[in-house]
Amino acid sequence: MGKRANLFQTQFLEAHNKYRKKHNVPPMRLNAELSKSAQTWANHLLSINKMQHSGAGGENLYYSYSSRGNVAVDAWYNEVKDYDYNKPGFKAATGHFTQVVWKDSKELGVGVATDGKGTFYVVGRYSPPGNVIGQFQENVLRPK
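Heads up: the sequence shown begins at 3 in our numbering, then just goes up one per residue.
Don't read these hints as lab results, they were simulated from the structure. Note that the Cβ used here is the ideal one computed from N, Cα and C, for glycine as well.
Here are the simulated DSSO-like cross-link-like pairs (lysine-lysine), alpha carbons at most 30 Å apart as the crow flies:
1) Lys20 with Lys108
2) Lys23 with Lys89
3) Lys93 with Lys52
4) Lys38 with Lys20
5) Lys83 with Lys108
6) Lys105 with Lys24
7) Lys83 with Lys24
8) Lys119 with Lys52
9) Lys105 with Lys20
10) Lys93 with Lys83
11) Lys20 with Lys89
12) Lys146 with Lys83
13) Lys24 with Lys146
Just the calculated beta-carbon pair ranges, DEER-fashion:
14) Gln139 with Ser68: 26 to 36 Å
15) Ser49 with Asn88: 36 to 46 Å
16) Thr12 with Pro145: 16 to 26 Å
17) Arg70 with Lys105: 20 to 30 Å
18) Met53 with Pro131: 12 to 22 Å
19) Gln139 with Asn80: 20 to 30 Å
20) Tyr67 with Gly136: 31 to 41 Å
Make a model of the complete structure from these sequences and hints.
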């Protein structure tokens with residue numbers, strides 16, 4: 003893995019753990035197998051030039067013009083403004099945020115593919131997957 007990809011992964015992980023700390027949940031660690039599968043999917047998205055979930059649980063996607071690993075995570079976390087802690091549950095408008103801070107998710111992987119012209123497809127994979135119906139109250143905690 004090149005220095006640039008390594009830096010992207012580090013920024014991606016650090017951004018997740020910054021937000022997870024804010025919600026008083028344990029930090030995640032990088033998982034090489036998750037990163038490998040995320041990279042394969044990111045390469046596929048680039049090849050079809052389309053955003054599309056793989057069907058695997060615990061997956062966040064992002065399309066960007068930035069090569070910094072925190073940009074996708076910052077955008078996903080920004081959905082916090084629309085999350086209703088009084089009515090916990092899944093909503094398409096907050097699903098990226100809830101996966102980022104999901105307490106039971108312990109490991110993550112990231113893949114990024116670029117066309118060389120400034121377009122980046124970012125795939126985040128999480129284990130165990132988050133956004134499990136019926137488990138939002140105990141996994142998506144209010145910020146401290």
